[in-house]
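S.K.: Below are the chains, spelled out letter by letter.
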Amino acid sequence: MIDLLSIMAFHAAYADTIDSDQLESWPNFFTPDTLYRVTHIENEQEGLPAGIVWADSCAMLEDRVAALREANIYERQRYRHLMGIPLLLSSNIETAQATTPFMVARIMATGETQLFATGLFRDRFVKVQDRLLLAERVVVCDSTVTDTLMALPL
Amino acid sequence: MEKCDQYRQRDIGLIATMQEMKPIRWPENLSRVPYAVYADTQVRATEEHHIFQGDTWNYLCLDVELEEPGQYRTTFIGETPVVVVRDSDGEVYAFENRCVHRGALIALEKSGQVDNFQCVYHAWTYNRQGDLTGIAFEKGVRGQGGMPEHFCKSDHGPRKLRVAVFCGLVFGSFSDDVPPIDEYLGPEICEKIERVLHKPVKVIGRFTQALPNDWKLYCENVRDSYHASLLHMFFTTFEINRLSQKGGVIVDESGGNHVSFSMIDPAAKDASYKEQGLRSDHDRYRLKDTSLLAGFDEWPDGISLQILSVFPGFVLQQIQNCLAVRQLLPKGHDRSELNWVYLGFADDTPERLKVRMKQSNLVGPAGFISMEDGAVGGFVQRGIAGAQDMQAIVEMGGEVVGTGEGRATETSVRGFWKAYRQHMGVTA
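Quick note, the sequences are listed as chains C and Y, same order. Here the first sequence stands for residues 1 to 154, where the numbers follow our numbering. Here the second sequence stands for residues 1001 to 1428, where the numbers follow our numbering.
Treat the hints with caution; some may be incorrect.
[Claimed, not checked] Calculated from the model, a selection of chain Y residues having no Cβ within reach of chain C, i.e. all distances over 12 angstroms: (1) 1088; (2) 1090; (3) 1121; (4) 1149; (5) 1179; (6) 1206; (7) 1209; (8) 1210; (9) 1296; (10) 1367.
[Stated by the list, open to error] So the derived list for chain C, only partly shown, Cβ under 10 angstroms to chain Y, looks like this: (11) 3; (12) 66; (13) 143; (14) 147.
[Unchecked claim] In silico DSSO-like pairs for lysine-lysine, Cα to Cα no more than 30 angstroms straight-line: (15) 127(C) x 1354(Y); (16) 1153(Y) x 1139(Y); (17) 1110(Y) x 1354(Y); (18) 1246(Y) x 1153(Y); (19) 127(C) x 1288(Y); (20) 1199(Y) x 1110(Y).
Because the hints were derived from the structure by calculation, they are not lab data. Quick reminder that beta carbons are idealized off the backbone N, C-alpha and C, glycines included.
Using the sequences and the accompanying hints, generate a full structural model.
M.R.: In structure tokens form, the structure reads like this:
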């Protein structure tokens, strides 16, 4: 059984990876054919499938990190993820589905901290060689508005 | 007592100083823009009247978003809230989203379907064409109160807009004098809209990006073909957009509407970036999953990128197979909002839809080739603080406004200012 505690440990490691700027390790939390999408609650309610980030492979996530490092221009910034307690929807030895609320603050180069995003991670986990990985993560933001830009991933 | 009077005197002096604020000086030629126009509340207020409520057509929504009678969307023209709704006669109507009674919003939701609209404050009712049809307790209660008999409902109603639908795009105008939509757009812009929106579309996502800058900075950005391959390195690296690619810029006669387009030409690999040592070229960066850029041939003319703008705040985008409309709305004098509506075609196969969704990683608030545009306006907004008397330079390609083949030009940015000045009544 994939239990609550192991999912919470997963979230903690995931958040730490992004928040401590180890973006190159971020794709390691996903399966090779993962589905990852960032959207918001209104699109979800209307069944609109697009995302502001939309990936159907781990390689696309690696490419995003490479683009952020090499190509894209944005002010220096970092995130602070706060993860809520996962709601375990289903679980067995190999897979689990859970939703977990999150809050992400963005700390800008100017030193200001803003509440950047809140929402829900809608996750499907699989256990591969004793490690939990995301086979799917839909990031459903509560707000329909993104301030300025979303460079770092949620 | 005497002291009080002194203070009063001084206060009056202060107010007088405010009123004597220096007017914004516009140079004769279009290649300079006074920074003051990006950071002035009075300018912002004047724009509402002269531009957004003036002789302009403003994008409201898509025809396809109002499929059935009674379906409505709420949006804005400038900062003025409006309702757009389809009535049972099949026509689209639009009116100010403001109850004539006390000024409250009539419709609160972003979209919905109604038989009529009722203000929540005192339950005044409007039909789907914006006519005031009902007043709660109009005749009073048990003979007491009520509206005077001479109050005529048909004399009162929110301002109605003229509505025009072009290629499924719904535009509205507060002006009785604005020319018909196709004339306003001009023949070349019409053709380029028709080229993209040649069959029924469907909405596949909506996202809003809050921009930390005056709306005009984004208008310039979208018309600025010069910055595209310099700021957006992703584009350049993958040879989607190089200045020496085949392409061009079209500016309509008013100056306010433009199209910038390019075609991929792998044979014409140019050295101009390398020669100049610009940071835009980066050989070691290659995609691991190239399906991001794997599109399908959709347009026989080979145009892989077309960015089209309509004055004041509308953008139609085709980047490969990635389609979107963008609606730019001012929010005060130093903020704005960009509403992205990602599109597919109604007859898209699941495979085509997937291609569009993958390519949509290029655009929007997290887009590989557009995220910078969300921030760069803010860099200007912050940079010009304290420089109200100074001017920006938009002289790439000279001082003229016109259509041309090269894209190392700011001709369409000058075009925007040509139209802006004309609407604002600025004379050189």
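S.K.: Next step is simple, just say for each hint if it's right about the structure.
M.R.: Going down the list of hints, with the structure as the test:
Every CB of chain C lies more than 12 angstroms from the CB of residue 1088(Y), the least distance being 24 angstroms, so the non-interface label holds. The Cβ of residue 1090(Y) sits about 23 angstroms from the closest Cβ of chain C, beyond the 12 angstroms cut-off, so the non-interface label holds. The beta carbon of residue 1121(Y) sits about 25 angstroms from the closest Cβ of chain C, which is more than 12 angstroms, so the claim that it is off the interface holds. The beta carbon of residue 1149(Y) sits about 46 angstroms from the closest Cβ of chain C, which is more than 12 angstroms, so the claim that it is off the interface holds.
For residue 1179(Y), the requirement that its beta carbon stay farther than 12 angstroms from each beta carbon of chain C is met, with the minimum near 34 angstroms. Listed as a non-interface residue, residue 1206(Y) fails to keep its Cβ farther than 12 angstroms from every Cβ of chain C; the least gap is roughly 6 angstroms. Not every C-beta of chain C lies more than 12 angstroms from that of residue 1209(Y), the closest at about 5 angstroms, which undercuts listing it as non-interface. The claim that residue 1210(Y) lies off the interface is violated: its Cβ sits roughly 5 angstroms from the closest Cβ of chain C, which falls inside the 12 angstroms cut-off.
For residue 1296(Y), the non-interface assignment is confirmed: its Cβ lies about 17 angstroms from the closest Cβ of chain C, beyond the 12 angstroms cut-off. In this structure residue 1367(Y) is not separated from chain C by more than 12 angstroms, as the shortest Cβ-Cβ distance comes to only about 8 angstroms. A cut of 10 angstroms between beta carbons decides the hint on residue 3(C): the least distance to chain Y is about 33 angstroms, and the hint is violated. Satisfaction of the interface hint for residue 66(C) is found here, the shortest Cβ-Cβ separation to chain Y being roughly 6 angstroms, below the 10 angstroms cut-off.
Among the interface hints, the one on residue 143(C) holds; its C-beta lies about 9 angstroms from the nearest C-beta in chain Y, closer than the 10 angstroms criterion. Taken as an interface hint, residue 147(C) checks out: its beta carbon lies about 5 angstroms from the nearest beta carbon of chain Y, inside 10 angstroms. This hinted pair checks out: residue 127(C) and residue 1354(Y) have alpha carbons roughly 27 angstroms apart, not beyond 30 angstroms. In summary, the hint linking residue 1153(Y) to residue 1139(Y) is supported, as the alpha carbons are separated by about 13 angstroms, within the 30 angstroms threshold.
A C-alpha spacing of about 27 angstroms is found between residue 1110(Y) and residue 1354(Y), which places the hinted pair at or below 30 angstroms, so the restraint holds. Distance hint between residue 1246(Y) and residue 1153(Y) is unfulfilled; the C-alpha atoms sit about 59 angstroms from each other, more than 30 angstroms. About 25 angstroms separates the Cα atoms of residue 127(C) and residue 1288(Y), which keeps this hinted pair within 30 angstroms; it holds. A threshold of 30 angstroms between alpha carbons decides the hint, and for residue 1199(Y) with residue 1110(Y) the separation of about 26 angstroms falls inside it, so the pair holds.
The structure does not agree with the numbered hints 6, 7, 8, 10, 11 and 18 stated previously, though it agrees with the rest.
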